Amino acid sequence: MPRYRSIFKDETKLDISYVPSRLPHRDRELRLLMEFFSFLLQFPAKMTQRVIITGDIGTGKTALSQRFGVDIIREADKNGTNLRYVHVNCREYRGSLFMILHHIISLFYPNFPKRGYAAEELLRNFLNILDEENIYLILALDEFDSLVEREGSEGVYKLTRLQEMRQNKPQRFSIICILRDLKAIGALDASTRSTLQSNVISLEKYSKEQLRDILSDRASLAFKTLTVSEETLNLIAELASSEGGNARFGIELLWRAGKYADAENFDMVALECVRKAVSSIIPTVRKSDLASLSFHEKLFLLSISRRFKESENDHISLSEAEKAYNIVCEEFNIEPNSHTQLWKYLHSLSSIGIIETKVASVGSRGRTTIIYLSRIPARELEKELSALLEKEA
Amino acid sequence: MNVEDVFSSRLRIKIVKILMQMSELNISEIARRLGINHNAASRHLQVLEDEGILQQKVFGRIRLYRIKENSLKAKAIQNLIETWES
Numbered sequence: 211m212p213r214y215r216s217i218f219k220d221e222t223k224l225d226i227s228y229v230p231s232r233l234p235h236r237d238r239e240l241r242l243l244m245e246f247f248s249f250l251l252q253f254p255a256k257m258t259q260r261v262i263i264t265g266d267i268g269t270g271k272t273a274l275s276q277r278f279g280v281d282i283i284r285e286a287d288k289n290g291t292n293l294r295y296v297h298v299n300c301r302e303y304r305g306s307l308f309m310i311l312h313h314i315i316s317l318f319y320p321n322f323p324k325r326g327y328a329a330e331e332l333l334r335n336f337l338n339i340l341d342e343e344n345i346y347l348i349l350a351l352d353e354f355d356s357l358v359e360r361e362g363s364e365g366v367y368k369l370t371r372l373q374e375m376r377q378n379k380p381q382r383f384s385i386i387c388i389l390r391d392l393k394a395i396g397a398l399d400a401s402t403r404s405t406l407q408s409n410v411i412s413l414e415k416y417s418k419e420q421l422r423d424i425l426s427d428r429a430s431l432a433f434k435t436l437t438v439s440e441e442t443l444n445l446i447a448e449l450a451s452s453e454g455g456n457a458r459f460g461i462e463l464l465w466r467a468g469k470y471a472d473a474e475n476f477d478m479v480a481l482e483c484v485r486k487a488v489s490s491i492i493p494t495v496r497k498s499d500l501a502s503l504s505f506h507e508k509l510f511l512l513s514i515s516r517r518f519k520e521s522e523n524d525h526i527s528l529s530e531a532e533k534a535y536n537i538v539c540e541e542f543n544i545e546p547n548s549h550t551q552l553w554k555y556l557h558s559l560s561s562i563g564i565i566e567t568k569v570a571s572v573g574s575r576g577r578t579t580i581i582y583l584s585r586i587p588a589r590e591l592e593k594e595l596s597a598l599l600e601k602e603a
Numbered sequence: 003m004n005v006e007d008v009f010s011s012r013l014r015i016k017i018v019k020i021l022m023q024m025s026e027l028n029i030s031e032i033a034r035r036l037g038i039n040h041n042a043a044s045r046h047l048q049v050l051e052d053e054g055i056l057q058q059k060v061f062g063r064i065r066l067y068r069i070k071e072n073s074l075k076a077k078a079i080q081n082l083i084e085t086w087e088s
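In the order they appear, the protein sequences are chains A and B.
Anchor point for the first sequence: position 287 equals 497 in my numbering, and the numbering is continuous, going up by one each time.
Anchor point for the second sequence: position 54 equals 56 in my numbering, and the numbering is continuous, going up by one each time.
It should be emphasised that the hints constitute simulated quantities derived from the structure, not laboratory data.
Mixed in with the good hints, there may be bad ones.
Claimed, not checked - Below are the DSBU-like pairs computed for lysine-lysine, each with C-alpha atoms no more than 30 Å apart in a straight line:
id, chain 1, residue 1, chain 2, residue 2
1, A, LYS379, B, LYS59
2, A, LYS324, B, LYS70
3, A, LYS324, B, LYS19
4, B, LYS59, A, LYS256
Claimed, not checked - From chain B, some residues computed to sit far from chain A (all C-beta separations above 10 Å):
id, residue
5, SER30
6, ILE64
7, ASN81
Stated by the list, open to error - Some chain A residues near chain B, calculated using beta-carbon distances under 10 Å:
id, residue
8, PRO230
9, PRO323
10, TYR327
11, ILE339
12, ASN344
13, TYR346
14, GLU545
Predicted, not measured: the structure shown is a model, and the values here were computed from it.
Positions of the beta carbon are idealized from the N, C-alpha and C atoms, including for glycine.
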C-alpha cells in the first residue's frame, strides 16, 4: 500500500473550534474588549460588565470573544484572581435559560441534578456556587438571539439583573452577548434592553484583502510550506468576500480544497481543488442554467472553461477568452461572433453567476475585462458543456 | 456508632462505592441508582455523614453528597473497597 502523504501540517488549525493566537484586523476590538473588562483584574468583586458583540456571519465574533477569554484568564492568573471564562452557544441549548445555566453549573459540579427545580432556583444556585468556589465569571452567550427568542424579556432581565438584588455581596459574573443583528434584542422590553445595550462592539465585514491576511495566517499554521500559493489564497479570499466577507467560509474552503488536493495526491492546493471545494459547499450553477444558454454562449463558456483548465491563474482576460473562443469555433466549424457580442455574453454569464467579471486598467492606457471562474471546477464545466454541445451540433 | 454497625448495611457500602465512582451526587440520584426510596437513601446518607465519612453541600433544595475530604475513616473505607475489588 502506498504511504499516505498529506500537504497538511496540522489541519486542526482550520477547525471551527480553534482559537488563533493572533486575530488579524481585530486588534482594535480586542483591545476595546480588554478595556471594558480591565476592572476584573483590579477589583473583580466591585462591579459587573455587559458587552454586546455584533456582526455578520464569519466576521470573527466568536473568535474575538474566545481569544479575549484566553487572554484575560492569563492576566487574571498572574494576579491570583479566580476568573473563569465560559463560552456557551445558546442555540445548542435551544435558547433555554435553564439548560444554559445547568450546563455552566455542570462545569463545576458534573452531576448536578437536572430535574426538580425551576430556572430561578437554578439561577440562585448558580450564584451560590460562584460564591462557594469564590469564582468570578465572564459568561459569553453566543447566538444570544436564540435565548431572547425563547425566554423573552423576563429571562434575559433575570440574568442581567440578578446580582443587583443581592445586597452587600460580591459581584460574580459579567456577560458578553454575541449576536448577528442588534434587531434581535429589539423584541425585549425597554428596561431589559437598557441593561444590555451600553457597550456594543460592531464587527465590520472583512474586505478581500483582510480575508487574504486571515487565510494566509491560517494556511501557514495548517499547511506544509509552499503548498498553498498566492493565487489559491487570492481565489479563496475573493470567494469568501463574495459570500459577505465570511472568514469562516473561507477557512472551511481552504480546508476542503486541501482535502481534495490530498485525495488527488497533489503537492499543492491547486485552483481546481478550490473550485471543487466551492461546488461541494454552496449550490452552484444548475445544469438547467447551462442548458438554457444559447449555442454561442455555450461555445464561449466552453472556451473559457478550457482556458481555466490549462491555467494556474485565478483569472483570464477577455482577449484570452476570445482567442480560445475562436479556436473552439474553428473546431465546431462555425463563424465566430463579434467582440461586442462576446462582451454581452460575458454579462449574461456573470449575471447567472457562472463566472465573475471585473474591469481592470492595464498599464497607462485602456481598460480590460477580467474573468474569474471561482465557483465551478473548470473540468466539470467543460465536460457538461461538451455533452450539451454535442447534442445540439 | 461501632464499626460493625456502620458496615452492617449493604446499602451504605454501595453508597460509598457509587460516590467513589461519581464523586458527587444528589439524594434522588443515589436513591435511583440503589433502587430504594428517597427516605431510605436519606437515612443512610445521614449515618455516613454523622460518622464523618461523607459531606454534603446544599444549594437551595438540592443537597449534593460526596466523600469527605481529608477524612481518615473515608480513606480507610476507600482503601478497603479498592483492595477488595482490584
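So, going through the hints one by one against the coordinates:
1. LYS379/A / LYS59/B: Given pair LYS379/A, LYS59/B holds - Cα atoms ~20 Å apart, limit 30 Å.
2. LYS324/A / LYS70/B: Judged against 30 Å, a Cα distance of about 24 Å means the pair holds.
3. LYS324/A / LYS19/B: holds, 22 Å
4. LYS59/B / LYS256/A: Answer holds: LYS59/B to LYS256/A is near 27 Å, not above 30 Å.
5. SER30: violated, 6 Å
6. ILE64: violated, 6 Å
7. ASN81: Consistent with the label, ASN81/B stays out of reach of chain A, its closest Cβ about 23 Å off (over 10 Å).
8. PRO230: Interface hint status for PRO230/A: violated (35 Å vs cutoff 10 Å).
9. PRO323: holds, 5 Å
10. TYR327: With Cβ-Cβ at 6 Å, under 10 Å, it holds.
11. ILE339: Holds: closest Cβ of chain B sits about 7 Å from ILE339/A, inside 10 Å.
12. ASN344: violated, 14 Å
13. TYR346: violated, 19 Å
14. GLU545: violated, 83 Å
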